[in-house]
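A.B. asks: Sequences are here, hints too, so could you generate the full structure?
In case you want the letters, here they are:
2 protein chains.
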Amino acid sequence: MIFNEAVEKAVENTPGAIGALLMGLDGISLASYLRPEAELELEVVGVEYASLLSEVRKASDILESGDVKEVTVITDRFVVIVRSINRDYFMALALGPEGNIGKGRFVMRVQAPKILKEL
Amino acid sequence: MIFNEAVEKAVENTPGAIGALLMGLDGISLASYLRPEAELELEVVGVEYASLLSEVRKASDILESGDVKEVTVITDRFVVIVRSINRDYFMALALGPEGNIGKGRFVMRVQAPKILKEL
Numbered sequence: 008m009i010f011n012e013a014v015e016k017a018v019e020n021t022p023g024a025i026g027a028l029l030m031g032l033d034g035i036s037l038a039s040y041l042r043p044e045a046e047l048e049l050e051v052v053g054v055e056y057a058s059l060l061s062e063v064r065k066a067s068d069i070l071e072s073g074d075v076k077e078v079t080v081i082t083d084r085f086v087v088i089v090r091s092i093n094r095d096y097f098m099a100l101a102l103g104p105e106g107n108i109g110k111g112r113f114v115m116r117v118q119a120p121k122i123l124k125e126l
Numbered sequence: 008m009i010f011n012e013a014v015e016k017a018v019e020n021t022p023g024a025i026g027a028l029l030m031g032l033d034g035i036s037l038a039s040y041l042r043p044e045a046e047l048e049l050e051v052v053g054v055e056y057a058s059l060l061s062e063v064r065k066a067s068d069i070l071e072s073g074d075v076k077e078v079t080v081i082t083d084r085f086v087v088i089v090r091s092i093n094r095d096y097f098m099a100l101a102l103g104p105e106g107n108i109g110k111g112r113f114v115m116r117v118q119a120p121k122i123l124k125e126l
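First to last, the protein sequences are chains Z and B.
The numbering used here numbers the first residue of the first sequence as 8 and each following residue consecutively.
The numbering used here numbers the first residue of the second sequence as 8 and each following residue consecutively.
Among these hints, one or two may not hold up.
Copies of the same chain look alike in the list, so a pair counts if it works inside one copy or between any two.
[Unchecked claim] Once the Cα atoms are required to be at most 30 angstroms apart in a straight line, the calculated DSBU-like pairs of lysine-lysine come out as:
1. K124 x K16
2. K76 x K124
3. K65 x K76
4. K16 x K76
5. K110 x K65
Just so you know, the hints here were simulated from the structure itself, not pulled from any lab data.
C.D. replies: So this is what it looks like as structure tokens:
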């Protein structure tokens with residue numbers, strides 16, 4: 008399955024990554040992958056970020072900034088990178104605070120068009 | 008004025024930066040700097056991102072992710088990097104789509120504690 012492969016690759020190829028998922032804006036997940044030792048409720052994170060991505064799109068519409076490609080949130084405990092696949096789906100990658108954000112962004116930019124082809 | 012200096016420096020030291028502001032979560036700006044040739048309603052952008060930062064904090068509280076340090080949004084036309092200064096103030100830096108995000112993040116990490124001391 009390309010979707011399962013995509014989320015697993017995103018995690019395995021990003022130093023410090025904890026988990027990744029592919030989800031609809033409606034909060035229904037298509038695929039997810041969590042490192043075995045990770046303590047993170049990935050689906051709950053995904054649902055919150057689905058809602059957040061909708062808010063960011065509204066703001067971008069108001070500001071006439073065009074389509075939202077990516078949102079990155081850095082908190083004390085995690086880094087979450089969200090990449091729009093199309094209007095309905097996004098991919099999210101969660102990293103620990105020392106995770107490699109640049110590599111994570113790169114990996115998702117590479118995976119996004121492959122996922123899009125299969126949707 | 009340290010605040011005016013901080014926003015001007017953030018723009019001048021970041022390749023591709025358009026403008027920066029220091030604003031309260033209430034949408035009232037303390038300082039802002041826009042490149043002379045830039046076409047951007049910086050205050051309007053700030054108010055939208057103030058509201059967005061509040062949403063991100065709510066999500067982070069729900070997910071017990073700790074304090075929100077930084078939010079980066081990449082759209083077709085702009086990149087906006089928002090850095091929390093404390094619970095009440097944030098700094099935002101707007102870049103063109105080809106702007107240097109890594110440098111922008113670095114510059115804001117350097118400016119944030121200097122601003123915090125003066126608040």
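A.B. asks: All hints are to be evaluated individually against the structure, with a verdict given for each.
C.D. replies: We went through each hint and held it up to the structure:
{"no.": "1", "hint": "K124 x K16", "verdict": "within (17 angstroms within a copy, 43 angstroms between copies)"}
{"no.": "2", "hint": "K76 x K124", "verdict": "within (17 angstroms within a copy, 35 angstroms between copies)"}
{"no.": "3", "hint": "K65 x K76", "verdict": "both (13 angstroms within a copy, 22 angstroms between copies)"}
{"no.": "4", "hint": "K16 x K76", "verdict": "both (20 angstroms within a copy, 27 angstroms between copies)"}
{"no.": "5", "hint": "K110 x K65", "verdict": "both (28 angstroms within a copy, 27 angstroms between copies)"}
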